[in-house]
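Q: Sequence:
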Amino acid sequence: MTQAPTAHSSVAPAPAGTVPLMNLKVKIMRFDPEKDKKGRWVDYSIQAAPNDRVVDVLNEIKWNLEPSLVFRRSCQHGICGSDAMLINGRNRLACKTLVRDVAKAGGTITIEPIRGLPVERDLLVNMEPFFDSYKAIMPYFIHEDPFPAKEMYQSEADAEKMAHSSNCILCACCTTSCPIFWVNGSYLGPAAIVQAHRFIFDTRDQATQQRLGIMNQNTGVWRCRTAYNCTEACPREIPITQLIEEVKRAVMFGQA
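For the sequence shown, the UniProt record's numbering begins at 1 and goes up steadily by one.
Derived from the structure by calculation, the hints contain no laboratory data. Virtual Cβ for every residue (Gly too), placed ideally from N, Cα, C. Some hints here could point you the wrong way.
Said to hold, decoys possible - Ranges of calculated distance between the beta carbons of each label pair, as one might list FRET restraints:
#, residue 1, residue 2, range
1, Gln-217, Ala-49, 27 to 37 Å
2, Arg-249, Asn-51, 37 to 47 Å
3, Gln-255, Pro-67, 53 to 63 Å
What the hints assert, rightly or not - Pairs of lysine to aspartate or glutamate, EDC-like flavour, derived with a Cα cap of 20 Å:
#, residue 1, residue 2
4, Lys-104, Glu-34
5, Lys-248, Asp-158
6, Lys-161, Glu-237
7, Lys-150, Asp-205
8, Lys-104, Asp-43
9, Lys-27, Glu-60
10, Lys-35, Glu-60
11, Lys-96, Glu-237
With the hints as extra help, turn the sequences into a complete structure.
A: Quick look at the structure:
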């Protein structure tokens, strides 16, 4: 274990009545493929406000303590899904996770890369296997008939069937929390099945049978063992296990 230096804040003391800063110990799993055979824990001591997000903590460490720290983030507002990581043993988005919600007794936060995908460096994983599964379910609108002159009508009831699955942001929190995916990388995983659900239950799409065929393969929906890890990990609160069960029923009966 490596002990990193403490960050010194250049910010003036907070005025009376404001929320005091917390002393944090941030334990990060570091990995440099040029030096390390496996990951190693490195401790960082910093100060942060309870309402700061974990991504703010990581930015503080990278900008002021350890410029070599590697992690992925983009919008930092829970939309792009790029900063998924294991925080205190649970998959979360760093930009949506508040310090006050994860700082353990003594102010300790542990951060690791998400599991089941190759670690490139530190908290950065190779997402290609995840997106290969996504591509496999044909995640695009397919309609072979001539399009009508006006919009393609879909009732509110039909639109409601895919309301949850259309909220997926492809952060991989669900797939990389799945124990089946950890041991069987050929399993398409929860996120791909959710994306398939979005098109299977779209009454305007005409590739339902093709996607049901993909779901019925040995890499598809039947690999799910209903562990509910995926549902608990989803930052968008999508009922993933329920959607997987709906796809299973669609496969069994041959139609959505």
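Q: Just pull the numbers of the violated hints for me, sorted ascending.
A: Those not satisfied are hints 1, 4, 10.
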